[in-house]
Amino acid sequence: MKILVAVKRVIDPYVKIRVKADQTGVETQNVKMAMNPFDEIAVEEAICLKERGLASEIVVVSVGTDASQETLRHALALGADRAVLVRGEQSFRSLDIAKILQKIVEREQPQLILMGKQSIDGDNNQTPQMLAALLDWPQATYASGLTVEDGRIQVVREIDGGLETLAMPLPAVVSTDLRLNEPRYASLPNIMKSKRKPLDVIEFDSLGVTLKSHVEVISITSPPTRSGGSKLESVQDLLNKLQHEAKVL
Amino acid sequence: MSTLVLVEHDNQKMNEATRNTLAAAMELGGEPILLVAGHHCQSVAEQAARMSGVHAVWLIDHEHFEHQLAENLAELVVGSEASWEAILAPSTTFGKNVMPRIAAKMDVAQISDVSRIVEKDVFEHPVYAGNAIETVRVLDPVKVLTIRTTAFDPIVGEQEPCCIERMDKVVDPAGTRFVKQELSRSERPDLGSANIVVSGGRGLQSAEKFKLVEELADVLGAAVGASRAAVDAGFVPNDYQVGQTGKVVAPNLYIAVGISGAVQHLAGMKDSKVIVAINKDEDAPIFQIADYGLVGDLFELVPQLIALLKKN
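Chains as they are written, first to last, in this note's numbering: chain A, -8 to 240; chain B, -3 to 308.
It cannot be assumed that every hint is accurate.
In the DSSO-like style, the derived pairs of lysine-lysine whose C-alpha atoms are separated by at most 30 Å in a straight line are [claimed, not checked]:
hint	chain 1	residue 1	chain 2	residue 2
1	A	Lys238	B	Lys165
2	B	Lys101	A	Lys(-7)
3	A	Lys238	B	Lys276
4	B	Lys269	A	Lys222
5	B	Lys101	A	Lys90
6	B	Lys176	A	Lys238
7	B	Lys243	A	Lys23
8	B	Lys207	A	Lys232
9	B	Lys176	A	Lys11
10	A	Lys90	B	Lys243
11	B	Lys269	A	Lys238
12	A	Lys232	B	Lys243
13	A	Lys222	B	Lys207
14	A	Lys232	B	Lys205
15	B	Lys116	A	Lys11
16	B	Lys116	A	Lys90
17	B	Lys165	A	Lys90
18	B	Lys9	A	Lys238
19	B	Lys101	A	Lys94
20	B	Lys243	A	Lys7
21	A	Lys(-7)	B	Lys176
22	B	Lys205	A	Lys222
23	B	Lys269	B	Lys207
24	B	Lys269	A	Lys232
25	A	Lys222	B	Lys243
26	B	Lys307	A	Lys232
27	A	Lys232	B	Lys306
28	B	Lys116	A	Lys203
29	A	Lys238	B	Lys101
30	B	Lys276	A	Lys7
31	B	Lys9	A	Lys41
32	B	Lys269	A	Lys7
33	B	Lys276	A	Lys222
34	B	Lys9	A	Lys203
35	A	Lys238	B	Lys306
36	B	Lys276	A	Lys232
37	B	Lys307	A	Lys222
38	A	Lys222	B	Lys306
39	B	Lys269	A	Lys11
Please keep in mind that the hints were generated in silico from the structure rather than gathered at the bench.
Using the sequences and the hints, build the whole thing.
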């Protein structure tokens, strides 16, 4: 079984982001970047499946500028076999990326696609579902458990209030949740080895995907800031305030 | 031109998030039509039809829809051949699972977690775990939106039940099969939609002592959350985690017990209406955003609070 894993380069989750003064976006100059944490979980799951003899090849793909090569190299150092960068300078939104990935899927013919449930920048939580729709494949989102058997997968999904298990035929798209696994670290020898693994760069323009403009971003602003309130003397004070001032009890 | 609202339910009860989603649909104008797809779900359609402002309820009752799988629901909605102006669902795991599939099938954008409707085609939604707000104008003819339920007051008014129209469209189940569901046995409300959330952090010291947080939550009828520190220390399971990589909540009241207030935690709860912090370190960052703070030993303060609440 061939697995395709889509990864995204995002601002490191531990960086406090700053909104640009002209409201066109957030500051990315000199900001630490990293692989989207949910995608790390997707890469880890693919590697585990390969280690258990259930996968033959892991191809990682990313869409973005040349800088995303760094993210792909990281995935290769973790254990992916091959990487593909779809290089484009423009900013792509979920549906655009799903359409680009659809082309890559047609070329690579994977049986399983693993993706993070959402990227921590756009927080959209859309691309896996959209890709599944475009391919007309079944989808299993928010996976916290995954088993493969006889051309089918069984996926435990995290849903509000508990867990749900679905079974579906392959090929399928699975999006990963936090509980699926604990991603490993790349060892130094593996980082060295990853530099020799194949990384193909495909120009977005050469893919033959026509994209439409679906939204116009008007602004990116800072959320209203909260100012701290008062420190109270006693538990009785707190209860009075909650009941009579804030009226939340 | 009308608005379609997908009703989330368990075939017996309508999920309350539908009321908030309907409120957003009303803001968009037009005549909301509610879609109830399920199996043996007549009672859900009846509940939906009673909400004030609902123009019609479409009911499809078939075993293929029992578990509201995304594949089937998307086929149903996309194949409905109505000219929708907007399609809405709550931003719950149900809505987030199915809506992008619908949007992609229609070749339109989907806006996630809409927190404000500025104009009929202009929406605000949080990005970067709530650390920035993106305002977008949708250029597509159909707006496919998931609604941040905590940002819209629920429709609570009742009306004479509107008409329930039965549909008999059968959609192929696409090979995906429901195996089982294990819902948490907890009587507590769901963390994502609770009115009150009580969360504990590293300050609780152990899984045993974390029970104090649960006790306070039970007195308040609240959901229980936790900081990543508490999860990593093994006090509670992962799905309790509130924060950038866990759940984002915005209850009416959020009580943070023994949580210092790291940026990653604040990202998950700073849109709460009222925030209370109980912490022994008076310089803890959580006090910078808390509306009410108590500085002191949580092992003294929380039992006092529980005792007082029980007395009331």
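Results for each hint:
{"no.": "1", "hint": "Lys238/A <-> Lys165/B", "result": "violated, 48 Å"}
{"no.": "2", "hint": "Lys101/B <-> Lys(-7)/A", "result": "holds, 26 Å"}
{"no.": "3", "hint": "Lys238/A <-> Lys276/B", "result": "holds, 26 Å"}
{"no.": "4", "hint": "Lys269/B <-> Lys222/A", "result": "holds, 17 Å"}
{"no.": "5", "hint": "Lys101/B <-> Lys90/A", "result": "holds, 11 Å"}
{"no.": "6", "hint": "Lys176/B <-> Lys238/A", "result": "violated, 41 Å"}
{"no.": "7", "hint": "Lys243/B <-> Lys23/A", "result": "holds, 24 Å"}
{"no.": "8", "hint": "Lys207/B <-> Lys232/A", "result": "holds, 25 Å"}
{"no.": "9", "hint": "Lys176/B <-> Lys11/A", "result": "violated, 47 Å"}
{"no.": "10", "hint": "Lys90/A <-> Lys243/B", "result": "holds, 29 Å"}
{"no.": "11", "hint": "Lys269/B <-> Lys238/A", "result": "holds, 11 Å"}
{"no.": "12", "hint": "Lys232/A <-> Lys243/B", "result": "holds, 27 Å"}
{"no.": "13", "hint": "Lys222/A <-> Lys207/B", "result": "holds, 25 Å"}
{"no.": "14", "hint": "Lys232/A <-> Lys205/B", "result": "holds, 27 Å"}
{"no.": "15", "hint": "Lys116/B <-> Lys11/A", "result": "holds, 27 Å"}
{"no.": "16", "hint": "Lys116/B <-> Lys90/A", "result": "holds, 27 Å"}
{"no.": "17", "hint": "Lys165/B <-> Lys90/A", "result": "holds, 29 Å"}
{"no.": "18", "hint": "Lys9/B <-> Lys238/A", "result": "holds, 29 Å"}
{"no.": "19", "hint": "Lys101/B <-> Lys94/A", "result": "holds, 16 Å"}
{"no.": "20", "hint": "Lys243/B <-> Lys7/A", "result": "holds, 18 Å"}
{"no.": "21", "hint": "Lys(-7)/A <-> Lys176/B", "result": "holds, 28 Å"}
{"no.": "22", "hint": "Lys205/B <-> Lys222/A", "result": "holds, 25 Å"}
{"no.": "23", "hint": "Lys269/B <-> Lys207/B", "result": "holds, 25 Å"}
{"no.": "24", "hint": "Lys269/B <-> Lys232/A", "result": "holds, 14 Å"}
{"no.": "25", "hint": "Lys222/A <-> Lys243/B", "result": "holds, 27 Å"}
{"no.": "26", "hint": "Lys307/B <-> Lys232/A", "result": "holds, 17 Å"}
{"no.": "27", "hint": "Lys232/A <-> Lys306/B", "result": "holds, 17 Å"}
{"no.": "28", "hint": "Lys116/B <-> Lys203/A", "result": "holds, 21 Å"}
{"no.": "29", "hint": "Lys238/A <-> Lys101/B", "result": "violated, 45 Å"}
{"no.": "30", "hint": "Lys276/B <-> Lys7/A", "result": "holds, 25 Å"}
{"no.": "31", "hint": "Lys9/B <-> Lys41/A", "result": "violated, 43 Å"}
{"no.": "32", "hint": "Lys269/B <-> Lys7/A", "result": "holds, 22 Å"}
{"no.": "33", "hint": "Lys276/B <-> Lys222/A", "result": "holds, 12 Å"}
{"no.": "34", "hint": "Lys9/B <-> Lys203/A", "result": "violated, 40 Å"}
{"no.": "35", "hint": "Lys238/A <-> Lys306/B", "result": "holds, 18 Å"}
{"no.": "36", "hint": "Lys276/B <-> Lys232/A", "result": "holds, 20 Å"}
{"no.": "37", "hint": "Lys307/B <-> Lys222/A", "result": "holds, 24 Å"}
{"no.": "38", "hint": "Lys222/A <-> Lys306/B", "result": "holds, 23 Å"}
{"no.": "39", "hint": "Lys269/B <-> Lys11/A", "result": "holds, 27 Å"}
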